[in-house]
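There are 2 protein chains.
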Amino acid sequence: MAKDKILLAHGSGGKITHELINNLFVKYFRNPFLEKQTDSAILPGYNEFLAFTTDGFVVDPIFFPGGDIGKLAVAGTVNDLAVSGAVPKYLSCSFIIEEGLLISDLEKIVASMAEEAAKADVPIVTGDTKVVNKSKCDKIFITTSGIGFLPDVHKKISTGPDIHPGDKIIINGSIADHGMAVLAARNDMELQAEILSDCASLNGLIRSVLDAGINIKFMRDATRGGLANVMAELSSGKSYGLHLDENKILVQENVRGICEILGFDPLYVANEGKVVMVTGEKDAEKALEIIKKHQHGRDAAIIGEATTEHPGKAWLTTGIGGKRIIDMLAGEQLPRIC
Amino acid sequence: MAKDKILLAHGSGGKITHELINNLFVKYFRNPFLEKQTDSAILPGYNEFLAFTTDGFVVDPIFFPGGDIGKLAVAGTVNDLAVSGAVPKYLSCSFIIEEGLLISDLEKIVASMAEEAAKADVPIVTGDTKVVNKSKCDKIFITTSGIGFLPDVHKKISTGPDIHPGDKIIINGSIADHGMAVLAARNDMELQAEILSDCASLNGLIRSVLDAGINIKFMRDATRGGLANVMAELSSGKSYGLHLDENKILVQENVRGICEILGFDPLYVANEGKVVMVTGEKDAEKALEIIKKHQHGRDAAIIGEATTEHPGKAWLTTGIGGKRIIDMLAGEQLPRIC
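Protein chains in written order, with this note's numbering: chain A, 1 to 338; chain B, 1 to 338.
Just to be clear, a hint being listed does not mean it is correct.
One copy or any two copies: either way a pair holds, since identical chains are not told apart in the list.
[Stated by the list, open to error] As a list, the in silico DSBU-like pairs of lysine-lysine whose alpha-carbon atoms are at most 35 Å apart:
id: 1; residue 1: K286; residue 2: K134
id: 2; residue 1: K119; residue 2: K5
id: 3; residue 1: K108; residue 2: K286
id: 4; residue 1: K286; residue 2: K27
id: 5; residue 1: K36; residue 2: K134
id: 6; residue 1: K15; residue 2: K248
id: 7; residue 1: K36; residue 2: K119
id: 8; residue 1: K3; residue 2: K293
id: 9; residue 1: K134; residue 2: K15
id: 10; residue 1: K292; residue 2: K3
id: 11; residue 1: K3; residue 2: K119
id: 12; residue 1: K5; residue 2: K155
id: 13; residue 1: K108; residue 2: K323
id: 14; residue 1: K286; residue 2: K3
id: 15; residue 1: K108; residue 2: K248
id: 16; residue 1: K134; residue 2: K248
id: 17; residue 1: K134; residue 2: K156
id: 18; residue 1: K134; residue 2: K155
id: 19; residue 1: K119; residue 2: K27
id: 20; residue 1: K27; residue 2: K108
id: 21; residue 1: K293; residue 2: K134
id: 22; residue 1: K293; residue 2: K5
id: 23; residue 1: K282; residue 2: K27
id: 24; residue 1: K3; residue 2: K108
id: 25; residue 1: K238; residue 2: K119
id: 26; residue 1: K134; residue 2: K5
Calculated directly from the structure, the hints in this document are not laboratory data.
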């Protein structure tokens, strides 16, 4: 493996991405905001705090069951803000387009962005368009950035410093849908039951939990690297372990099938409409009840808890009663999934 | 010309870009912030206003005399905020990288971004990295977004509603350096005197003018489409004309030479360190004095004024005394210049 060149794995969100971020970006850009490495930077505003985030979207194919690159670019950035505890307020979008893209395809994407922005109730307020020569990019790449207003009381949600053994881990539904939907679309697979991406803006769902006065101790969307990556990152270096019970984690039948055929572990597959929350034991049932009422939370479940066992690690009790450590993935499981 | 496909001209910043923006982006994303079509969106913050901007950078080649894609990505976004009258506060960066890029090249770019961010005194607080397969992008594309704090008193600077005949037009130096530097680098031209891009963050220069109490009525950086585009856009639909005196506009000798050889009009060539300001007649000399003291303003000049003649148009008195209208460029003069 050449060490002097960028590999697909550098974009995986796993260990090698972290190395690149630490050895290059954080090293050179060093400042207290960036060093926190949360999905949204938490920034002093005039009076209260701002959340600020950016994400590039290069998904292939650009249209897939359940969404497209435009919907993904809006929902992904809305979610990065929302999981920080912020109220998403404004979005920007920057298009890099390959010469020759059908304007009708661009229009579909733009219409889909507008629809998702309206659903999430976050306006797209500024943008940019660049066009590059044919074969110098792949149809279209979209980078969205977002600003949210962050009440002081939610400032800790993205880092989760107050988690203790006994706290519960909640997710708002099934895992691995997005990754497998894109993979099936990319390979033109003929499936008995179509897999839909779970791509959706979760700010409404999250707001309903916060507004009910639930103390969400930690929240993150389980995108690249899947649920496993969120757990591995959160537990790393902590005095507690994070335990998941495989029996509680929903994987839809058709998704499980394609994962098994192709050799993917659903825990590591990207989601685009799933948020992982950690709350105190007492809050968990109430939170679950609220989430289940929401369109994007019907299949929500408590899937695990923080433990005194295996401090600093995430670990899984498998369906047949075995135990395994959930490590961060080193390389790339599925390039261009988002 | 196929009407159903994206052309390089759609990314030119000229007429065809405007058509795309209006017929697609503004049509679908419609909201009062976006509709202003300023480089930075002006947004209500908690108490004061926020400026929010984004720009994708796809310059080819990624290294050129006077800068590189990283320096450009930082300075370009800092400048978009600064010309809106805002104090640039935070930057984000999103990298889309082609598999196989030399990590040493990425490091040069990142170091250059860090250096420019430090010069401009604006931290890069959040980012994202995606990697795409070889030949699916061209080395590296960078999208930077920025947030600035905008004092209420400067809110009109980006639209310039208070311009009247007699007001003066100021620019902080020579034009067309960036475009010709990139073009010369792209074509490996052997020049007697190397052309350096003017790529630079101008927030310091701009702040010194505003802090002196100068009433800047309008400000914009003259990037894609050059000085001509700024003048054509500003004058469009207005009750005044904008007159430029070609004799006052500095074009460096080597830049003029290459423009003449290759058939480019320097008025339309991209700059990356040039700001156009409009002030009242009385303020103009004072503003010029302040700008000239600055490292990036030594060759500043008053190059024209708002007129009662030719309302709604920008027009030029040529070096030999002729007159011509400065129209917005329809298509693409130089693709991938920024």
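Comparing the hints with the structure gives:
In the homo-oligomer, the alpha carbons of K286 and K134 never lie at most 35 Å apart, since the shortest distance is 53 Å inside one protomer and 49 Å across protomers. Within a single copy, K119 and K5 get their C-alpha atoms only as close as 41 Å, which misses the 35 Å cut-off; across copies the closest is 29 Å, which meets it. Proximity of K108 and K286 under a CA criterion of 35 Å is satisfied in neither setting, with 39 Å inside one chain copy and 51 Å between copies. Taking the shortest alpha-carbon separations for K286 and K27, neither the intra-copy value of 42 Å nor the inter-copy value of 42 Å comes in at or below 35 Å.
Taking the shortest Cα distances, K36 and K134 sit within 35 Å of each other only across copies (32 Å), while inside one copy they are farther apart (39 Å). For the homomeric pair K15 and K248, the shortest alpha-carbon distance inside one copy (27 Å) is at most 35 Å, but the shortest distance between copies (56 Å) is not. For a Cα distance limit of 35 Å, the shortest separation of K36 from K119 qualifies both inside one copy, at 30 Å, and across copies, at 23 Å. For the identical chains of this complex, K3 and K293 are neighbours neither inside a copy (49 Å) nor across copies (47 Å), given an alpha-carbon limit of 35 Å.
Taking identical chains as interchangeable, the C-alpha atoms of K134 and K15 lie at most 35 Å apart whether they share a chain (33 Å) or sit on different chains (21 Å). For a Cα distance limit of 35 Å, the shortest separation of K292 from K3 qualifies neither inside one copy, at 47 Å, nor across copies, at 47 Å. For the identical chains of this complex, K3 and K119 are inter-copy neighbours only, at 31 Å across copies versus 44 Å inside a copy, given an alpha-carbon limit of 35 Å. Proximity of K5 to K155 under the C-alpha cut-off of 35 Å is found in neither arrangement, the shortest distances being 37 Å within a copy and 46 Å between copies.
For the homomeric pair K108 and K323, neither the shortest alpha-carbon distance inside one copy (46 Å) nor that between copies (45 Å) is at most 35 Å. For the homomeric pair K286 and K3, neither the shortest alpha-carbon distance inside one copy (49 Å) nor that between copies (55 Å) is at most 35 Å. For a Cα distance limit of 35 Å, the shortest separation of K108 from K248 qualifies neither inside one copy, at 38 Å, nor across copies, at 47 Å. Neither within a single protomer nor between protomers do K134 and K248 lie at most 35 Å apart by alpha-carbon distance, with minima of 47 Å and 40 Å respectively.
For the homomeric pair K134 and K156, neither the shortest alpha-carbon distance inside one copy (45 Å) nor that between copies (40 Å) is at most 35 Å. For a Cα distance limit of 35 Å, the shortest separation of K134 from K155 qualifies neither inside one copy, at 44 Å, nor across copies, at 40 Å. Within a single copy, K119 and K27 get their C-alpha atoms only as close as 38 Å, which misses the 35 Å cut-off; across copies the closest is 17 Å, which meets it. In this assembly of identical chains, the alpha carbons of K27 and K108 lie at most 35 Å apart only when taken from different copies (13 Å versus 40 Å within one copy).
Proximity of K293 and K134 under a CA criterion of 35 Å is satisfied in neither setting, with 47 Å inside one chain copy and 45 Å between copies. Taking the shortest Cα distances, K293 and K5 never come within 35 Å of each other, neither inside one copy (48 Å) nor across copies (44 Å). In this assembly of identical chains, K282 and K27 lie within 35 Å of each other by CA distance neither inside one copy nor across copies; the values are 41 Å within and 48 Å between. In this homomeric assembly, K3 and K108 come within 35 Å of each other (Cα to Cα) only across copies, at 16 Å, whereas the closest approach inside a single copy is 40 Å.
With identical chains, the CA atoms of K238 and K119 are never at most 35 Å apart, being 37 Å at best within one copy and 37 Å at best between copies. Proximity of K134 to K5 under the C-alpha cut-off of 35 Å is found in both arrangements, the shortest distances being 24 Å within a copy and 12 Å between copies.
Hint check: violations occur at hints 1, 3, 4, 8, 10, 12, 13, 14, 15, 16, 17, 18, 21, 22, 23, 25; the rest are consistent with the structure.
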